[in-house]
Amino acid sequence: MNKFQVRLIFLGCLVLFMVQETVIRTLFDEPYPALRMPPFSGTGMNESGFYQASGYEIIVAFEDDTSVAISQHELFDAPDSHHWVLVRNFTPVDTTRRHTTAASRLEPIRFIAPGLVMSRTRTNYEVQRHPDTREFLLNRIGRIYPDRVPYYMDVNWYTERYHPGSLLEAEREYTGSTRIQLQ
Amino acid sequence: MGNRITEYMDKWIFREYTVPAAGLPIFRVVYGLIALIVFFPRHLWISHHPDVFFFPRVSMTIFFSGFPDMWFFVLLNFIMIGSALALILGYRVFWASLLLAAALLTGNSFAYSFGKINHDIFIILIPLVLAFSNWGDRLKTGNWNKQNSPGKDTGRWHDLKQTGWPLALLAMLVSLGMLTAAIPKITSGWLDPSVSALMGHLARNYHITERSTFLAEFFLVHNNLAFFKLLDYSTLVLEAGFMIAMFRWRWFLTFCAAACLFHFGVLLMMGITFVNNVIAYAAFVPWLYFLKGGTMEKAVIYLDRMREKVNLIRLLLITLPVWAILVFVSHPLQFSHPWISYYLGGALHSVVILTVSAGISLVYLLSLITRKRPAAPPY
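Protein sequences appear in the order of chains A and B. Numbering-wise, the first sequence is residues 2 to 184 according to my numbering. Numbering-wise, the second sequence is residues 492 to 870 according to my numbering.
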């Protein structure tokens, strides 16, 4: 390796970075690996001057007619950075919506890139109704409450607003629920 | 004009980072130790999840239809731990660096196939880029004498390796990475003087992500807009300023020190541990400063002696018990407790690393202000 080759490496990295930021992110989504840091973009403030975010609570109902709210940290054993993306699978869904167009268009490449087809075509509805999801939740809840029989799990969604003057308190507006039958 | 630009770029690429490059063999040990303390065991949780949660991004995992079994990640941990130990002991450093980078990349690709990417690419870039540097050299070499001083470039590969171009490349990659954090902020309202974006992220992080720290509570009650706007703008200056700072090692080191304080603040306020970034900044520390006798020098001499005795069989024999303890028992140095997370922002091992880096950075920045520069490195 000589000086010229080293210069080429620098230039190549710059070109790759520009391709990553323009082409790939525009056409697809954030790739991995990519030279990116967490953006923390946006201010989160709505037109009324409140900070706004989507919030949720997870409620597990048992067969003995009792229920408990459990935290994401209890439910998932993934790193806490992944809790939001896991719980996002349980957002309320339009059961009539299907990715039929995308599915049929991507079907020919399924044998080469099955993961790409899955990630583009699988809906939240399918995740919520999948027997493996039920099995996973039963297993996780069973670890927290080994002596109780869970009946269903509700994920209640809210829009939370925080006034800049009192950020410790949230004003909640219910936006929907997802129920996962566990029995 | 073109010649002058080439000359300037050459000076930056081949000469600017020669001082910290001299200490890279010591940084290799620091990186290996921190990797063992913080990174591993890694990825073992992935296989607890069914394939219904498999949503790969554009990555190598699009060629798979689900998550691999547990044994795959157990084996991957063996490779990563073995490579980290090889880095510490100085055994086949070039290949160990590439192997560690490849194993981290593979595991991370599956970890981020849930749809969420953690932006910890620096921990992969460090071994990948520095594999081409002198970080595989002996820790206390006789290389750094007047005849073979850092920056003396005769055009041959070995000399070129010692000019520090891999560190200049790493500085450029770190700076570009930081720029990707700055631009979305600049274009999405962080410049607006009437609203603090940081305040919004703090509230969301506290209420939704449930990272509730003592300092977050304090600032959510005492949320002074002027103070938070100052933090907003400081964040932007810091993240975007790396792009200019990278052209001078001392500027870059100053920005790294400021970033360590920034990450320490983020830890206390938001409970997010950016240990990966701090390790990348540590590559630019002139580690030879710390080699002036004392415990560190003794440890270096001891490790150098060990290096002569290490072979593949011995490395595997050392790796096996370490891997077994970390993967099948529990990490003896990783400790977390709700109280520590509440008051200090995270698990104890991460808190210690970020606190030490913030302390060193503060001393360095104060020394710049008081103009008490440390003595030149001992070569």
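Hints listed in this document are in silico derivations from the structure and should not be mistaken for laboratory results. All residues carry an ideal CB built from backbone N, CA and C; glycine is no exception. Check each hint, because a few of them may be wrong.
[Unchecked claim] Interface residues of chain A toward chain B, partial, derived using beta-carbon atoms under 8 Å:
no. : residue
1   : 16
2   : 20
3   : 24
4   : 25
5   : 29
6   : 35
7   : 79
Results for each hint:
Using the Cβ-Cβ criterion of 8 Å, the hint placing residue 16 of chain A at the interface with chain B is not satisfied: the shortest such distance is roughly 12 Å. Proximity of residue 20 of chain A to chain B is violated relative to the hint, the smallest CB-CB distance being about 12 Å (cut-off 8 Å). Taken as an interface hint, residue 24 of chain A does not check out: its beta carbon lies about 11 Å from the nearest beta carbon of chain B, beyond 8 Å. Because the beta carbon of residue 25 of chain A sits about 7 Å from the nearest beta carbon in chain B, less than 8 Å, this interface hint is met.
The beta carbon of residue 29 of chain A is positioned within 8 Å of a beta carbon in chain B (closest approach about 5 Å), and the interface hint is therefore held. Taking 8 Å as the C-beta cut-off, the interface hint given for residue 35 of chain A holds, the closest approach to chain B being about 7 Å. Checking residue 79 of chain A against chain B: minimum C-beta separation of about 5 Å stays under 8 Å; hint holds.
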